[in-house]
Amino acid sequence: MKLKEIAEFLSLEYNGEDIEITALNSLLRANFTELTYCDGEKNAKDIPNTGAAAILVTKEYENLVPKDTKVLITQNPHLSFAFLSKLFAKPLFEQVKEKKQNIAKSAKIMPNVYIGNNVDIGENVVIMAGAYIGDNVSIGDESIIHPNVVIYNDTKIGKKCHLLANCVIGSDGFGYAHNKNGEHYKIYHNGNVILEDFVEIGACTTIDRAVFDSTIIKAGTKVDNLVQIGHNCDIGQNCIIVAQTGISGSSQLGRNVVMGGQSATSGHLKIGDFSTIAARGGVSKNLEGGRVYGGFPIMLQKDWLKLQAKIAMKFKE
Amino acid sequence: MKLKEIAEFLSLEYNGEDIEITALNSLLRANFTELTYCDGEKNAKDIPNTGAAAILVTKEYENLVPKDTKVLITQNPHLSFAFLSKLFAKPLFEQVKEKKQNIAKSAKIMPNVYIGNNVDIGENVVIMAGAYIGDNVSIGDESIIHPNVVIYNDTKIGKKCHLLANCVIGSDGFGYAHNKNGEHYKIYHNGNVILEDFVEIGACTTIDRAVFDSTIIKAGTKVDNLVQIGHNCDIGQNCIIVAQTGISGSSQLGRNVVMGGQSATSGHLKIGDFSTIAARGGVSKNLEGGRVYGGFPIMLQKDWLKLQAKIAMKFKE
Amino acid sequence: MKLKEIAEFLSLEYNGEDIEITALNSLLRANFTELTYCDGEKNAKDIPNTGAAAILVTKEYENLVPKDTKVLITQNPHLSFAFLSKLFAKPLFEQVKEKKQNIAKSAKIMPNVYIGNNVDIGENVVIMAGAYIGDNVSIGDESIIHPNVVIYNDTKIGKKCHLLANCVIGSDGFGYAHNKNGEHYKIYHNGNVILEDFVEIGACTTIDRAVFDSTIIKAGTKVDNLVQIGHNCDIGQNCIIVAQTGISGSSQLGRNVVMGGQSATSGHLKIGDFSTIAARGGVSKNLEGGRVYGGFPIMLQKDWLKLQAKIAMKFKE
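Chains as they are written, first to last, in the numbering used here: chain A, 1 to 317; chain P, 1 to 317; chain G, 1 to 317.
Keep in mind that a hint or two might mislead.
For chains that are exact copies, the list does not tell them apart, and a pair is met inside one copy or across any two.
Unchecked claim - EDC-like, lysine to aspartate or glutamate: derived pairs with alpha carbons at most 20 Å apart: (1) Lys97 to Glu196; (2) Lys314 to Asp303; (3) Lys160 to Glu183; (4) Lys90 to Glu20; (5) Lys159 to Glu98; (6) Lys285 to Asp234; (7) Lys186 to Asp68; (8) Lys270 to Asp213; (9) Lys105 to Asp141; (10) Lys108 to Asp68; (11) Lys270 to Glu13; (12) Lys159 to Asp68; (13) Lys90 to Asp120; (14) Lys42 to Glu62; (15) Lys285 to Asp46.
Just so you know, these hints were derived from the structure itself, not from any lab.
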């Protein structure tokens with residue numbers, strides 16, 4: 001799409017050179033054919049380092065933009081970006097005359113399954129009844145997709161994964177831009193989800209796709225039922241995520257992290273390797289690896305246990 | 001159904017005039033062809049104001065019943081009502097020779113979709129594989145129903161809504177009447193769910209239908225994954241409901257209310273416009289609008305933060 | 001499978017009499033054709049009482065094994081057992097030429113339903129569109145299976161049960177054995193789920209099958225939406241389990257227990273008859289029946305309410 005068309009679509013002024021924009025991307029990942037945006041003070045420091053072809057930015061940060069990056073001035077870059085995300089969104093599914101499907105002969109496909117275009121299905125894969133496999137999905141050898149599982153387009157699934165009934169992989173993340181009237185505009189998520197080898201996903205668990213790039217669950221990680229994993233999370237190898245845990249967007253878990261039942265993280269946090277979060281722990285800050293945490297706000301689990309005992313004692317009087 | 005038949009079905013005495021009862025309804029909504037009930041002290045004050053054709057009531061409140069309302073005396077009106085709700089329940093689906101379906105030509109219907117009788121589907125609507133669309137459902141223009149979504153009968157969906165994979169709209173609310181032996185009898189929910197325009201519902205989220213009348217999600221409200229919204233809730237415009245939140249039956253949220261992840265309300269509460277409930281906040285009373293709340297029991301979020309800091313400090317000693 | 005083959009498969013030494021092993025089972029349930037294991041100190045006391053044909057055990061407990069039970073020495077019996085559980089796992093579904101199905105003529109089966117082999121479906125049962133009924137499932141008279149429900153193989157469902165949309169019954173429990181490198185090996189769950197008569201299961205609720213034996217929900221129990229019930233739970237008659245509750249593996253609830261919204265139990269606990277757990281209560285120990293509990297750690301609900309009031313008062317100063 002041409003930059004001038006984009007400006008016109010957004011009702012923004014642009015008199016510079018017209019160029020082709022191929023995609024949207026974040027400040028530090030956007031390349032010389034991509035458009036990015038800066039949504040405020042927090043990210044402004046990264047503006048000088050962008051390699052984007054063009055940027056949506058407020059007047060106040062215009063001076064930070066590198067000289068090779070075209071500038072679209074807007075009062076609400078995040079909102080402008082949300083509008084654009086719809087234009088650049090891939091279709092949920094393509095209607096083609098003849099689907100291109102690379103399905104191993106040893107794979108077993110049960111009835112009432114939907115398989116999209118440009119799909120790769122490996123040796124001995126089992127796809128059980130009612131499952132939905134979107135366009136551009138690949139599923140590695142010996143993985144099992146249980147009944148009524150939904151795998152959205154562009155998801156990549158490794159070998160020997162188990163996806164239990166009714167789980168959903170690759171749904172849009174919960175991201176919106178807001179206007180002055182308090183109305184919310186959907187940010188279409190053009191990234192995907194990657195599940196590496198030996199990953200297991202529980203029944204009715206939901207894993208959202210990334211805005212850009214990938215939500216990733218690394219090899220050997222096991223996720224229980226009814227867990228929510230937000231967009232752009234990076235879950236390390238061999239983690240154990242117990243039922244009803246909620247992991248907010250852009251959380252980073254190291255390897256062998258254990259999240260107890262009904263635990264949670266707020267977004268954009270890092271939890272170090274070999275940490276354990278006890279059941280109900282609510283992680284509200286970065287955590288060093290190798291220790292056992294609990295409570296909400298989060299603390300060392302042993303401190304939380306002591307604290308609860310002291311409180312009970314104190315107020316018994 | 002005739003009132004004398006109803007009395008006989010419930011093994012209750014009734015010697016008055018026989019009349020036709022067309023439906024069940026609540027004390028203050030029931031009209032002159034409908035039957036209602038009073039389930040105890042809490043609602044007894046409304047008995048004199050009912051316009052119902054007939055009422056199930058305990059002996060002690062008989063004297064409060066208006067003279068145009070026929071009386072069925074029962075020791076457990078709620079239980080009698082539960083028995084009746086089954087008789088008056090609409091069928092989950094009707095088997096008709098030829099379904100009446102009003103589906104726009106521009107709508108796209110993927111394979112393995114079930115569409116019931118008397119369904120309206122607007123322009124450019126997309127219904128993805130495995131979705132279930134019950135009888136008497138209407139779906140407004142440009143809405144997208146994702147794979148394996150279940151929309152129960154009588155649900156009304158506005159324009160430009162997104163219903164993500166495996167969400168369930170219009171399941172029966174969790175309501176039971178109890179007998180002396182501690183056995184529970186299902187109350188069949190004959191109301192419905194209304195989603196206004198621009199509403200988004202996350203993957204594996206569940207929204208229960210009303211007992212009578214409607215559970216309603218107003219225009220522009222966005223609901224994340226794995227959220228529970230109980231029967232008869234009234235969720236205002238442009239609310240944001242983050243993942244794993246639980247909203248108990250008959251809660252009323254104003255406009256632009258934000259419910260953080262894993263937050264909750266107990267039932268029959270009002271939350272004012274522009275309130276924010278922080279993650280994990282447990283709303284246990286009505287809340288004035290425009291403020292940020294947190295903790296459980298609920299308080300101002302800034303007070304909760306201070307309180308947690310003071311507690312940690314105090315017991316460090 | 002021959003015991004010598006098993007030893008070879010696990011790379012363990014075994015020079016004793018070769019015998020046929022028909023199944024895996026727990027220490028106290030295994031019979032004279034079954035193999036069991038002891039995973040450490042906690043269960044070692046039960047070794048002398050096993051009736052198993054053979055046992056996987058560490059060197060240190062070898063002397064506790066009864067003389068009729070063959071011994072396979074291994075450094076990590078739980079891990080060896082996990083490897084074996086895959087060999088003994090029943091297939092998720094069987095592909096047979098002609099399925100044996102015993103479906104009452106009065107049953108209604110909607111389109112896009114999958115029904116496996118060796119299935120019994122009673123009088124007036126309704127199976128709605130998109131449902132999955134695995135092999136060896138039985139469904140009692142007048143039960144209703146809502147759209148897109150998944151019922152795994154071997155599940156037994158009583159009469160007059162309601163299973164709401166997208167719930168999952170009989171998924172594998174969340175159990176793994178671990179090696180020294182922190183890698184997790186799936187324990188295939190060969191038990192099943194039993195729902196007795198008059199049980200109701202909410203939308204998007206998940207109930208895991210037992211490792212051995214059964215996860216059981218007794219007659220008249222009602223379970224709301226988005227609830228997790230772990231493997232080997234034993235839920236008594238007429239319980240009420242409100243939305244988003246999490247019940248960990250091997251929990252035992254007496255009759256008429258009420259679990260409030262978002263409440264939880266940790267595993268292997270007993271909750272006495274007629275107990276109520278308030279919303280958000282986190283049960284961390286066995287509880288005597290007939291009382292109302294709340295808070296986390298759990299206490300009497302009245303004490304929790306007092307405690308919260310005292311804390312608020314104390315720190316107001």
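**Request:** Evaluate Lys314 and Asp303 at a C-alpha cut-off of 20 Å and name the case that applies: within, between, both or neither.
**Result:** both (16 Å within a copy, 13 Å between copies)
**Request:** Check Lys270 against Asp213 for me: Cα-Cα at most 20 Å, and say if that holds within a copy, between copies, both or neither.
**Result:** Classified as within; 18 Å inside a copy, 40 Å across copies.
**Same-copy or cross-copy closeness of Lys42 to Glu62 [CA-CA at most 20 Å]** = Classified as within; 15 Å inside a copy, 62 Å across copies.
**Message:** At most 20 Å between CA atoms: does that hold for Lys108 and Asp68 within a copy, between copies, both, or neither?
**Reply:** neither (52 Å within a copy, 43 Å between copies)
**Request:** Pop the pair Lys285 and Asp234 into one bin, within, between, both or neither, using alpha-carbon distances up to 20 Å.
**Result:** For Lys285 and Asp234, the Cα distance is within 20 Å only inside one copy (16 Å; across copies 34 Å).
**Prompt:** From the Cα coordinates, with 20 Å as the cut-off, is the pair Lys105 and Asp141 best called within, between, both, or neither?
**Reply:** within (12 Å within a copy, 41 Å between copies)
**Request:** Can you give me the call for Lys90 and Asp120, within, between, both or neither, at a CA distance of at most 20 Å?
**Result:** Within one copy only: 19 Å inside, 27 Å across.
**Message:** For Lys270 and Glu13, with the copy left unspecified, which applies at a CA distance of at most 20 Å: within, between, both, or neither?
**Reply:** Answer is neither; intra-copy 40 Å and inter-copy 45 Å both fail.
**Item:** Up to 20 Å CA-CA - Glu20 versus Lys90, copy category
**Value:** within (18 Å within a copy, 56 Å between copies)
**Asked** How do Lys160 and Glu183 come out at 20 Å by Cα distance, when the copy is not named: within, between, both, or neither?
**Response** between (43 Å within a copy, 14 Å between copies)
**Message:** Treating 20 Å as the Cα threshold, decide for Lys159 and Glu98: within, between, both or neither.
**Reply:** neither (27 Å within a copy, 32 Å between copies)
**Item:** Intra- versus inter-copy proximity for Glu196 and Lys97 (alpha-carbon distance at most 20 Å)
**Value:** neither (32 Å within a copy, 36 Å between copies)
Consistency note: the structure conflicts with the earlier hints numbered 1, 5, 7, 10, 11, 12, 15.
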